[in-house]
Every structure is written in C-alpha cells, then in structure tokens.
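Undergrad: For reference, the chains in residue letters:
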Amino acid sequence: MKHSKRIRTSLVAGAGVLGMFALSACGAAETGKGGGGGSDEVTITVPSWVGAQANAEVAKVILEEELDVKKVTLQTMDEPIAWDALNSGKADAILEDWDGQPEKQKLYIDQKKTVVKGGDLGVTGHIGWFVPKYYADAHPEVTDIKTLNKVAKDFKSSESEGKGEFLGAAPSYTTYDEWLIKNHKLDFKIKETGAEAAQIKEIQKKYAAKEPFITYWWEPQWLNADIELVEVKLPEFTEGCNEPKEKTECGYANTPLQKYLNADFAKDGGDAAQFLKNFKWTTEQQNEVSKWIAKDKMSGEEAAKKWVAENKETWEAWLPKK
Amino acid sequence: MSAPTLDRPVKADAPGAPQPPGPAARLMAHPKAVLLLLALLVAVVSAAVAGSGEWPGDLTVDVRTPLTDFNEWLVDNRTTHPLFLYFLLHISNTAESAVDGVFSALESLGFLGVTVAAVLIAWYAGGAGLRRRALVTAGTAFGTFAVIGVLGMWEPAMDTLSLMIVCVAVAAVIGVLLGLLAGLSDRAERMLRPVFDTMQVLPAFSYLLPFVLIFDIGVPSAFVATVIYAVPPMARLTALGLRGADPAALEASASLGASPLQRLWTARFPLARKQMLLGLNQTIMMSLSMVVLATVIGAGGLGEPIYKALAVVDVGQALPPGIAIVLLAIWLDRTTAAAGERLDDPEEGVRTSRTAWLLRGVVAAGIAAATVIGSALGRQEWPENWVVSIADPVNDVTGWIERELSAGIPLIGGTQTWADGFAVYVLNPLRSALVGTPWWALLVVAGILAYTVGRLRAAVTVVLALGAIGAMGLWTRSMDTLSQVIAALALTLLIGFAVGVLAARVGWVERVIRPILDTLQTLPAFIYLIPMIALFTGGRFAGVAASVLYALPAVIRITTQGIRQIDPSALEAARSLGASTGQQLRQVQIPLARPALLLAVNQGVVLVLSMVVIAGMIGGGALGVDVIKGLTKGDLALGLTAGIAIVCLGVLLDRISQPAAAVKERGLR
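Same order as they appear, the protein sequences are chains V and G.
Mapping of the first sequence onto this note's numbering: position 318 corresponds to residue 318, and the numbering continues sequentially without gaps.
So the mapping is simple: this note's numbering equals the position in the second sequence, first residue as 1, plus 1000.
I should point out that these hints are in silico values taken from the structure, not numbers from a laboratory.
Errors might be hidden in some of the hints.
[Stated by the list, open to error] Here are the computed lysine to any residue pairs in the SDA-like style, where the Cα-Cα straight-line distance is at most 25 Å: (1) V/K112 to G/L1085; (2) V/K70 to G/F1103; (3) V/K189 to G/P1056.
Fair warning: this is a prediction, and the values are worked out from it, not measured in the lab.
Same shape as in the complex, but just chain V (with noise of 0.2 Å):
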C-alpha cells in the first residue's frame, strides 16, 4: 500500500502544478520579454557564417574588457530566427545582415517599430558564381553565362546526373542559384552542401588536385586569401529584378552589411549600444580574424583577444565618447 500512496501523492502534485498552468492562464501573457533594460548584459545574435563570428566575437571582447559590461552572450541562430529574437527583445543586436528577409525588416523596423538600424558594418557583402582560376585560364569561355554551357560536361560528377555539377549554397543562405540555371537554360545541377563548411571542404579538395568547379561564392570569405577564384559574368543586378524570384536571370547586388538593434537596447543600452552602432571595419580586418578561427582552428575568443591587442588604434575609435 505505500507503493500507492507515493503514486497518490505525485499525481497530486502534478495536478496541483496543471492547476497553477491553468490559474495563470485566467490573466492577458505578457506578449516580450520586453528588452534587458541598462547594458548590463548584451546578447549578440550570430550567424553559422565564420565571417560574422569574427564580429561578433571581436565585439563581445571589447564590450566585457573596456565598457564592463558584465555578461555578453553570443547566441547561435540563423537570419529569420535572429529577427524574430530582435523583435522580442530575446537578442539585442544582428550585426552582419546580408538582406536577406526584406518582410521581417517592413514588419519589425517600419510597422511594429522594435528593431531599429545601427548603421553600416562597413563590409561589402558580394555573391557571385566564380571558378578556379587555373580553369579559367585554360578554358575562358566559363567566365561568362552566356557560353557557360560549352565546357558544362568537364564539370560532371556521380552527383550530377550526366550534367555539369554546381557546388550550391548552405540552405540558409541568399540565393538565386536554382532560378538562373532554369532561367538561362543551363546545363547544370546543383549539389546540395548543407553548410559552409562542407563547400569550403569540397573546394578545397578540388583546388589541390587542380580540378575545375563552379560554386556559389562570396566575398568577405577568408578562403579568398589561400586560393584564386575568377568570378563568372551574370547579367547586371538592377532593383527589382529579382522580385518575382523565380523569373531571376540577374546576378547578385552588392550589399553593404548592416546592423541592426533591438529598439529598447537601442534607446537604454547606454554605452554597449553606442558602441555597437560604432562598430566598423573592413573586409580585410574581418578575414583576418575568421582565417585564425576557420583555418588556424583558434577559438573565437583567442582570435579575437590576439586582435584586440594588435588593433588598438582601430577599435578606440568606436568607443563612446567621454
């Protein structure tokens, strides 16, 4: 029997705590978390990209050493998710957007009003299509869409089908890949890279045994530094012109990257927020830093110190002023 009663009494219990769920539940929720208040703690959203690791880790460094705020946490979560954080108050900053969610940045920033923007990274963020140069050199008919076609077959691989093989983009990233190649009747399929990494990886290995590939590809990218890549000609980006996406045949814009605030961080993160909207570097002092961390295997914080201590003059500029 006391077998029994231990039962009885646990599923009182866990009835009383149903119970509590359902009396809360009589009041309005609080619909945020309604920003932290004071720059106490910041959170940091970050992006699966190398590149926006390097920001964000070279910002929390800063942040914690020089402006004593007590706890900077860096949170994984790719672009979507990082706006909906923005909006509520869950993240306080996004700083390396590459544009890629124009309805969340109409609804948070013009119509709900709780993300604001914290100004340019000073980056300039370029996709493209781009192939090794000792391939380009032989055969430069693949530098242009328009003939890309001609060489399509020294592409094949078992993942291709009998078609040239593209290397694609990881699921999160901006792309048009698929509606050019339909668009421009290329023989082409892409192969899925499910991440960065994976691409980074795969193109690596080509390059080494001098093999030809095409790949979706970007610049700041650290890679750029260990190898030469030759960008192919797509047709100019103009505005709008890939809206509806599936009748794409421009390429990509450049786009300069971009901060964004929780607005309530913005407005009451006092000396963290101001730094934040002062951030600002180049494309060189971005790759630097994420060539430590992807390629010399340094973890973020390393890197980022070693930075700190080598950049002083650089980053003093974006401390609040006195």
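We have chain V already, so just place chain G on it with the hints.
TA: Same frame as chain V, now just chain G:
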C-alpha cells in the same frame, strides 16, 4: 516439435520422397508471388517506355498558399490575438521562468553542490547503503560531473540540464495522463497510437519553425518540441503496464470490494511501476537528444558548441560537448535503471518508512552542506585552471586520418573513392529506377507489396501515403530521398544482422562492442556529421554513412537479444539431430528470432528516416535539405510539407516490411 522448419531438409533427402514440383507449378502455388512478379513486370516495362515517371501536375494540391497565409497570420497576430494572450504565451512564459528558476537553483548550488546532489541522488536511487549497485551508480554520477567540469563544459551542461529537468517533468506528467487513457480505454488506445507514431517520426525541424513563431525563439519552443517528442514512450509504457496487470491481482482486489478507482490506485498502478520507470528512462533519453537539437532555434546549452564546430568542421571543438552529453545520458540512464532494478530486489521492500525519510534527510543535508562549503570557499563556478583542453590532440589525429584515408590506399582505394563508387553504382541506379518508373506503376507495386505482407489495410495505407507525397508535389524529391533511405537501410540491416548474429554467438564480441554501441547511441546525431564531411566531403554518401552509424546500434542490439532469447531446448534439439552451425542458425535461430528481427527492421526504418533531416545539414537526403532550408529561411510551407513527406515514406517502408500480425502484436505489447 518446437522447430518445425527442421523437418524439411530431412524429408527432401529421404528416399522415395515425392519429386519436387516444377518451377511453374511451384510459382502457381503462391498467387501473391505471381501478382508481385506481374506488377514488377508492368513497372519495368512502363519505366522503359515512359522514361520519366513524374507525378502529373494537375493531380497536385496547393498546400503552399494556405501554409504561407498561416505563417503570415502568426506573425501579424502573435501579440494581439486572444488565443496567444490567454493561452499560448502563458505556456511560453511559464516554461521560460521555470527553466530560469531551475537554472538559478543549480547556479546557487554551485559546482560542489550540484556534484554532491547528483552523487547522493544516484546513491539513493541505487538503494543507498554500501551495496555495490548504490556505490557504482554514485560513482558514475561523480565521474560524469567531474569530467564535464574538467572539459570546460560546466556552464552549457547546466543550461542543458535545467531545460531537461523542466521538459522531463512536464513530459512525464502528460505521458502518465495519456497512458492512463490509453491503458484503460481501447478506443483511446486506437486513437492515440497513430498520434504517438507521428509525434515520433515527424522530424522536429519541420515543426520548429511554426513553434518559433507561436512560442518565441529559444527555451519556449525547445520546451514544447521536446515535450512532444518525449511524451510517447512514457505514455506507451504506462498504458502497457496498466494493460499487463495480472488479472488475478485485479480479480482479488475486486473481490475484496475495491471500487474501480481504488483498484487503479492500489492494484494497477503499483503493478505497472516497473514499466513506468522504463518509460521515464526512455523519456529522459529522448528529451536529451531533442534538447541538443533545439540549439538550432537558439536554446543554447551543450548543442551550441557542437553546432558551431559543425560550421568550421572542427572535431576537436565538438568532442568535449559531445562527451559531456554522452556522460549525462549514461548518468541519467544508470540512475533510473538502478531505481528500476531495485523494484525487482526482494531485500528492498522491508525498509520502513522511517528509515526512508531518514535517508532522504541525509541526502538533503549532504547537498545543503556541500552548497554551504562551496559558497564559503567562494567557488560557485567550476575553477578555470581545472579545465583541460583536448582540442589540439584530437584535431591532429583527425587531420591525419583525413589525409591518409581519403584517397590512394592501395587496393581498397580510400574513403573518397568509396563515396564516389557508392554514388555511381548504388545510389544513382536506384534513384533512376525510382524516378524513372511512372508514378502509377510505383503505386501498384507498393500496393501489391504491402498487400502480400500485411493484407488490404496495409495496401490502402501505402497507396494513400504515396498519394499524399504526389499530391504535395514532392514526388521527385521524395523518390530521391527514398533511394538514399533504402540504400542506408540495406547497409544497416546487412551489417547489423551480421554483427548481431556474431555477437549473439560469440561472447567476447558482444563484450567488446557493447561500450561502442552505448557511445554511438547516446552521441548526438550532429557529431557524426563532422567526421563524415572530413572523410567524404558532404553529399549523399556522407548522409548515408551517418544514418548507418546512427541506426546500427539499435539493430545490432535487438538482433543479438532476439537470437539469445530463443528457447534453448529448440537449439539443443537441432544440435542433437546433427545440424551444423549454419543449419542451426538458418533453420532454428533466425526463424525463431523472427519477431525480434522484424522489430530491428522497424527500428532501422525509424532511425534512418530520422537521420534524413540531419543528413540535410551536409547536403544529403533531398527532403532533409528542404526541411533545413524551410527552417533556416523561415519558409513554413517548404519545411512542413517536406517533413510530412518524410513521415509518408516512413509509413510506406514500415508497412511493406512489417507483417500485419507483427504490427498488431507490437501495438498491444
């Protein structure tokens, strides 16, 4: 006559036995086989004629528009609609504050307090005192937390632990309630079973996105997703325990005049306790795996460093959190298992309630003392100079493996060569066959296959599942996925059965592979992907290899157990009749272990399918890529439909591999 199959070869060799019938006659004796052969013929011919078998466009239903509308509605109404204000957001906020509460409780205990608490609770669960079980369980707990601290994983581990504690508590309560329903009412059982199946097979990634919109990012969504995933085992095993209660005990309690409610409290629940504890154990394990995956939506914890490591293909960085997760799993498993074993132990029942309370008092006092000492020493966090980094040596080793194994080993090629070969000679022909066969021919073949295995009901289910895939407009993607799943499943079963049989027959093999299987089963699926990229550079083969690794342990285990458990007298009889080892295996052990082997196939299907999505992270599993894309790009229609298509593939594979009787039996068990 415990082994009727044994008779056949003896008869065939006997003099004067009737001449075996001709092949045609033998075929006609199996009308199902004829039907199947005909269907296959139709499929092959039509494939050769048609060339492409895509689902016709006008037979598709537009599910995209309503889903996209729903997505937009969620975004617009999240902070204003009463459904959110008075219900859903309460769930988010309560979950959030509960997890915060547990986390700060753990934090205030400090590292000393948490370790001592874990050790004492494990000791208590193991039966307290100085007996071996209690000490071993306590030792496991101590080792777990010490290593987690040394590897520098203390803080994320506490994050994960607090989320888990809340999720497991809620999942257990809901599971018991649903199990009560399913255990007492046959109708509820029939209604709930498909619900539980779906909850376990639908890839979490495909519903994480709407959850993010509904419940907010991070902890709340992770909480809801984890509870959904972890409830079924608790509910199933509770129902099972309630149903399995000894009728004599119930009869006795009824004849003593107990009301139905009293009978439930005093007879059924106590008798079901062992199953319920097993259910709790399973629920804990499933919560752990889900909590790690929930990193993708910003839940933090131990999954985060692994996810980051995946982005830079850094095995050394992924290993410490991976080890921490494995250790947490082992600690939780051993603690709950020890509590379960205690129920079987006849010596245990005699402890009076006073000593029990005294013991609990000792546990509580110990934890309090450790906390006080910890804070008196000013040491709340794990001291930094006790942390050891293992990243560099690990990376040296993996770097070497990658360089040396990827190509150019004489005779066997290298990992990259195998990957290409597998794609060209297995995956591509399989895919061409599936995509090239007209859709209606595939429906017919699958239907007939299901009919021969599981009668009409299975046939209807299979045709409906394939029809749903076609109607959602995902035919080609699904066939591509199916080709990879079939290849992975075949590899898994081939290796799994071989190793399982070997382990069942040779004692030391089992002892050697057991710890390996333990580790493989608890290691988060993410981690497999990193070496796969290094060895096979992403793509379909890397996905298949990761799935095989993931599904293999369960298949090996079930096979070994099934073969071990058959009646020893049957084997003895075969041996005394002079059967060779091969004959014993083929004609006695395997036929008698058939239910276990079927279960192994079923688990293989479920596990391989659950890896489709994970494989999507490295470019394998066509539908998997869509699910990941849907989640990371905020495209609900893309992710959810692909997730449903994966479930349909699961139903298809399960129905054509599981005879109706086996399915029914398992459902009741």
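Undergrad: Hints first: check each against the structure and report whether it holds.
TA: For each hint, the structure was consulted:
At most 25 Å may separate the alpha-carbon atoms for a hinted pair to count; V/K112 and G/L1085 meet this at roughly 17 Å. For the proposed pair V/K70 and G/F1103, the alpha carbon gap of about 18 Å is at most 25 Å, so the pair holds. For the hint pairing V/K189 with G/P1056, the CA-to-CA distance comes to about 22 Å; that is within 25 Å, so the pair holds.
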